[in-house]
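Quick mapping for you: the protein sequence lines, in order, are chains A, B, C, D, E and F.
Numbering (my numbering) for the first sequence: 1 to 247.
Numbering (my numbering) for the second sequence: 248 to 494.
Numbering (my numbering) for the third sequence: 495 to 741.
Numbering (my numbering) for the fourth sequence: 742 to 988.
Numbering (my numbering) for the fifth sequence: 989 to 1235.
Numbering (my numbering) for the sixth sequence: 1236 to 1482.
Hints are supplied without guarantee of correctness; some may be wrong.
Using 25 Å as the maximum straight-line C-alpha spacing, the simulated DMTMM-like pairs for lysine to aspartate or glutamate come out as follows [unchecked claim]:
1. E:1129 / E:1038
2. D:882 / D:980
3. E:1129 / E:1115
4. E:1041 / E:1218
5. A:141 / A:210
6. F:1376 / F:1285
7. A:53 / B:428
8. C:635 / C:510
9. C:635 / C:544
10. E:1041 / E:1177
11. D:794 / C:675
12. C:547 / D:922
13. E:1041 / F:1416
14. B:388 / B:374
15. B:300 / B:263
16. F:1288 / E:1169
17. F:1376 / F:1473
18. B:300 / A:230
Just a sample of chain C residues kept apart from chain E, beta carbon distances all over 10 Å, derived [as the list claims (entries may be wrong)]:
19. 527
20. 641
21. 735
The following residues of chain D were derived to be distant from chain B, with all beta-carbon distances above 12 Å [stated by the list, open to error]:
22. 742
23. 795
24. 835
25. 841
26. 906
27. 925
28. 928
29. 939
30. 951
31. 963
These aren't lab readings, by the way, just hints derived from the structure by calculation.
These numbers were taken from a predicted model, which means no experiment stands behind them.
Each residue gets a CB set at the ideal place from its N, CA and C atoms; glycine is no exception.
Here is how the chains run, residue by residue.
Number of protein chains: 6
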Amino acid sequence: MRLQLSTWPDIQQYLEHSHGIIVPIGSTEQHGPNGLIGTDAICPEVVAHEVGKRIGVLVAPTLSIGMAQHHLAFPGSISFRPTTLIAVIRDVVQSLARHGFRNIYFFNGHGGNVATVNAAFAEIHSEASFTGSGTSAPSLKLANWYMGRRVQAISRELFADSEGAHATPSEISLTWHAYPDHAQPMTLEPRLAPSSHFGDARDYRQRFPDGRIGSDPSLASIEAGTRLFEASVEDTIEDYRAFVQTS
Amino acid sequence: MRLQLSTWPDIQQYLEHSHGIIVPIGSTEQHGPNGLIGTDAICPEVVAHEVGKRIGVLVAPTLSIGMAQHHLAFPGSISFRPTTLIAVIRDVVQSLARHGFRNIYFFNGHGGNVATVNAAFAEIHSEASFTGSGTSAPSLKLANWYMGRRVQAISRELFADSEGAHATPSEISLTWHAYPDHAQPMTLEPRLAPSSHFGDARDYRQRFPDGRIGSDPSLASIEAGTRLFEASVEDTIEDYRAFVQTS
Amino acid sequence: MRLQLSTWPDIQQYLEHSHGIIVPIGSTEQHGPNGLIGTDAICPEVVAHEVGKRIGVLVAPTLSIGMAQHHLAFPGSISFRPTTLIAVIRDVVQSLARHGFRNIYFFNGHGGNVATVNAAFAEIHSEASFTGSGTSAPSLKLANWYMGRRVQAISRELFADSEGAHATPSEISLTWHAYPDHAQPMTLEPRLAPSSHFGDARDYRQRFPDGRIGSDPSLASIEAGTRLFEASVEDTIEDYRAFVQTS
Amino acid sequence: MRLQLSTWPDIQQYLEHSHGIIVPIGSTEQHGPNGLIGTDAICPEVVAHEVGKRIGVLVAPTLSIGMAQHHLAFPGSISFRPTTLIAVIRDVVQSLARHGFRNIYFFNGHGGNVATVNAAFAEIHSEASFTGSGTSAPSLKLANWYMGRRVQAISRELFADSEGAHATPSEISLTWHAYPDHAQPMTLEPRLAPSSHFGDARDYRQRFPDGRIGSDPSLASIEAGTRLFEASVEDTIEDYRAFVQTS
Amino acid sequence: MRLQLSTWPDIQQYLEHSHGIIVPIGSTEQHGPNGLIGTDAICPEVVAHEVGKRIGVLVAPTLSIGMAQHHLAFPGSISFRPTTLIAVIRDVVQSLARHGFRNIYFFNGHGGNVATVNAAFAEIHSEASFTGSGTSAPSLKLANWYMGRRVQAISRELFADSEGAHATPSEISLTWHAYPDHAQPMTLEPRLAPSSHFGDARDYRQRFPDGRIGSDPSLASIEAGTRLFEASVEDTIEDYRAFVQTS
Amino acid sequence: MRLQLSTWPDIQQYLEHSHGIIVPIGSTEQHGPNGLIGTDAICPEVVAHEVGKRIGVLVAPTLSIGMAQHHLAFPGSISFRPTTLIAVIRDVVQSLARHGFRNIYFFNGHGGNVATVNAAFAEIHSEASFTGSGTSAPSLKLANWYMGRRVQAISRELFADSEGAHATPSEISLTWHAYPDHAQPMTLEPRLAPSSHFGDARDYRQRFPDGRIGSDPSLASIEAGTRLFEASVEDTIEDYRAFVQTS
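Bound-form chain A, shown alone (with noise of 0.2 Å):
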């Protein structure tokens, strides 16, 4: 069930017997040579989709920009600052809030939103720890798709080592999944991109030529998307509902 796609008295009647969303969020960049600007936001999208489609549960719009500053040296990546991504995440938690949401399940595709949805999710909470009034905010959780259980166990089985940091041939796997008709294998060189920490865009494009933090997407193709596909709508709809019941 997708909010986009349905109406207010839809949501109306939706929020009489639940209290949870699920947000797709992801990011807009450079993913190697041939992976997909939209990489990080389409694959928490087409599994947030199926899953709402299976169990019913509401899908708000994808947050398709994310905090993607060490990406900006690359064409066509766009970037929020972190206290812009702060605000942007607490005025989708007030705006759900304020219709009776309880459980809001963030669900994403771009490992570097980490750090700050969850200083976002702090910023949410400490209007209420602040002052001890007693409203609180939602029970809010960050999933990352590309950690779900049976997903990580296909990516060790097919990729191993070569799986790498980013532009990983999971990921790109299930964009073709999604998007056949931009498939693009393509052999890279050196095959394995190399691995390091990193600092601001200028530093990161240094140390990472073609955009890809040790990772092999040669071995990228749509069985495996189709694969990593099925399980983390598995893993989602699992990991969910024990967000709905636990919160």
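Please arrange chains B, C, D, E and F on chain A, whose structure you already have, making use of the hints.
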């Protein structure tokens, strides 16, 4: 050409011959008893994607959430505060400017965004204006799909005084063209919603109990949506080209 | 009745029978070769003071500085960033609301303020809209003196296509009515200034070398100013009364 | 020479021989039972205008609203939060610096502004100090009219221990000199208002029920105001000249 | 009694009989050729800890960084922008208010903090003042150790006109009392540093090449520090008690 | 070598051969029934000071307050909002960068700081990343003392599953090593505190009534603290040296 479905080398190549981009911007807010909550994002998105296909212009991911504080008393509406939306637009523009985009065309579906987006443009220009520095921000334009010449002619022809100001038959028709499975023809009571100014969300809901302003969306149809879609695509191609040439 | 020239017991008494106030808002910015830098503040101020005298409505001190980033390449212009002006308006409204004012009428002399002031209104309303709390902000209106019905009739009659968009003969006439010693009739070359869109201050100055947009202020006169003054006073009394009655 | 009553070519010419400007800054706040709400803005404004006439220095429009949170329990008081006032001062200084002003003299009428204006100066200087960049902000000074040497001598002579700290006979006299029609001589009970520290607006009103602190404004007179006006003009000419020469 | 060395049950117990706390606040900034960079934090810290021991008042951890933008041209200085320091103070006060502290005594070692800390107090009080809500912030005071009655008597006696305004023999003596191993007696050239106003860091360093203002720290001694320490402890006990009783 | 106990000429000399600095960062928050409120600041501080002594690296003053909103329902806890802590870190880094420090090593004692400090690093890097300017921020690292290799080995050996996540026997042992007079051995009921996720302060206190998460601090001892201290010093020397060499 969609940014999300491109790779960074694609964008590098694109920038060799063009410095323009379309950024669809909408809202996630109630649109009356049978209008989709995503109406204001869907309308500019589907038109922009078609424009991208026809003339090869790059289209950024849709900014699906806008300034909709007055709709927050209806379940499902999500809003950014104006200062949040200003930060969002600033970061998007600065990211694109970093790559060399010089003509950024915000293609909008929500009247409530207009003031804040224009304030954001002024905030962005202020950086250069206050310092007198040599580098200016890109050329920025906000265009509303519902203000196109061809679109307005069709709206007047089909809906005349029943168009109204919110949850209009025109925008609802266009979303039904895009998502025919979600078309929900419906007779409403009163046929024409009331019209007036408004303040905050509580005030809005008191004045417009079912969410519409001055409109009769029972007149909406997929056929009208198809005509409006084609008209808006033509309006936008014309207007975008003029923007790029004169800025 | 001017706030600055009242005592607090005067205001306490005023609030027993009225909850309305007029806040003149303008700008401090170049107005072409012979227009006063204070034009946009002077115009609403002198009209508001007269309205205050005639119908006893309270008039706040003029907010003399507005959003004028595009004029900063001309000496003497002073601007607030949009986010600064939003904070200014918010604090003024919250101060007045604290005392029980329920109808706050911003009377404006500068087109460049419109987007930001409306964004500020939305920012103010957001507080109640996001929380759903019981107390709303006061009713807020932005009215532009140059948009009044009677004023526009005179402008069309006297200046027609020579009115233009900045440093107009109408506004300059009105300042000369207010400060006849500062009237500087002058023939300009070209007679009619160019018209176009613009971005930051450097861009503005390149497009409009003497500061005017589309206007011929050589047509300005004290006599025209006197007629416009009287017309604006009448427009404003009518509009303010309608505002207070319907909000 | 008033900025509001000048044209931009006037200012261009002025900047050829001077880089100094006076910015009157005050407050809009209760001043006891018979003091004008605009007292703190009127005092520096009338003195600055006279200084402008006598020595040809440029005078900016008065910043009529200051930091007056502690007065908000009295009807008619308007305040900026400190962070708002810091943004206001920063934008004014940056606008003036853009044109080449190098000596900006804030001429103040409100003790409650002093801390925040000084914090604003430090905020402005921080830009250059943190980066170590070559361009510094202009030289900035905050001068209080009531601290002038000649002014203080007259206050002591005329009012001695009845001067107090808020709604003082000196400032009220000066406003009556400026607006003799608004002089409201009045005997107050108690003759001398109480004195103490204070916190927020509620606390202030509990401690100072009629708004005065430690003062007896029944001693105010137009005659005293005329003497103070002349003294302040002389003090200010002297102090402004010293500022421009040493900075 | 130090907060950092207490448990939460200790503080719960403390709050049953007292609602006061001392918060030492200083700066991390150059103090001339032989003064410690931590001088302004060390001085209030050591005095506050002793006061805590003698009268059992709770002492918060020292806020070691203050507003020191003008010192940033000297290696080792660290500064907060005024707006950052305002946020710091606000969060500390709101945290303490949450637990029931009603008397918060900021004990300061740095003149450069005074304006910003007072602006922060006003920002904190604004919350209650703008809304008129029933709950006020705690009572707040900023006290400077070097302004104590006994301390000033000793400074005048020992150092007279050689005390100066920055890197004074008094503060350096007190740090040597606290850290005798770091005493570095030194003769300076010129004996007395220059005095004047200043702006940003570059300007400061040009005017005061070795960092001192108007002082002769060659007069500093451990013995003087010990006398000043004892004097400041007594001053502070007296002043803190008066604060708690009257607020 | 401690920054607070150095003079500016000392730092000038230091910068001739090194561009690295350690900034201890902790928190002021409840640590269960017998843990010190300063635990998270004390741990990194004492280790950093020893590292400073052994290898001559400069150590900044400890940032004693961190992001601890979830602890605010326990008396004595003080927290910064995430946006405040971001501003704090930004100003500290920019101050140090001004002097030429290129390797800034934040040495942390509080898990709750991790997300916000990493968001702060991204906020700092954004400045260069968005503009593409030539100057990058310094190299930044956040290291947690409790994650050191040697430290974790000892924790596992001594406390195994009783270590838990907050108020752990390891951190409490280390504070007792530092402040043996404040060791308060105590048996707690239940022996092992509960474990779960949490939201705001009220939620935290309901889930963890005495403040601990999953730990049994009755196992803490001075002896364990001494071993952990030595291990952490060695871990940190190794990690700091690697950081300086590779960044």
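Straight-line Cα separation of residue 1041 of chain E and residue 1416 of chain F no greater than 25 Å? Roughly 15 Å between the alpha carbons, so the hint for residue 1041 of chain E and residue 1416 of chain F holds.
Can you confirm whether the C-alpha distance between residue 794 of chain D and residue 675 of chain C stays at or below 25 Å? holds, 15 Å
Was residue 641 of chain C rightly flagged as not at the interface, with every chain E Cβ beyond 10 Å? Non-interface label stands for residue 641 of chain C: nearest chain E Cβ at 32 Å, farther than 10 Å.
What's the verdict on residue 1129 of chain E and residue 1038 of chain E, does the C-alpha distance respect the 25 Å limit or exceed it? With a Cα-Cα distance of about 19 Å, the restraint between residue 1129 of chain E and residue 1038 of chain E holds, given a limit of 25 Å.
Residue 925 of chain D non-interfacial with respect to chain B [C-beta, more than 12 Å]: holds, 37 Å
Does residue 735 of chain C sit more than 10 Å from chain E, CB to CB? holds, 29 Å
Could you check that no beta carbon of chain B comes within 12 Å of the beta carbon of residue 906 of chain D? holds, 37 Å
Regarding the pair residue 1376 of chain F and residue 1285 of chain F, is the alpha-carbon distance no greater than 25 Å? Roughly 19 Å between the alpha carbons, so the hint for residue 1376 of chain F and residue 1285 of chain F holds.
Holds or violated: is the Cβ of residue 742 of chain D farther than 12 Å from all Cβ atoms of chain B? The claim stands: residue 742 of chain D keeps its Cβ more than 12 Å from every Cβ of chain B (closest is about 24 Å).
Could you check that no beta carbon of chain B comes within 12 Å of the beta carbon of residue 928 of chain D? With a cut-off of 12 Å, residue 928 of chain D remains clear of chain B, as the shortest Cβ separation is near 45 Å.
Holds or violated: residue 635 of chain C to residue 544 of chain C, with C-alpha atoms at most 25 Å apart: It holds: about 19 Å lies between the C-alpha atoms, which stays within 25 Å.
Measuring Cβ to Cβ, find out whether residue 841 of chain D lies farther than 12 Å from everything in chain B. violated, 10 Å
In summary, the numbered hints that this structure violates are 5, 10, 18, 24 and 25.
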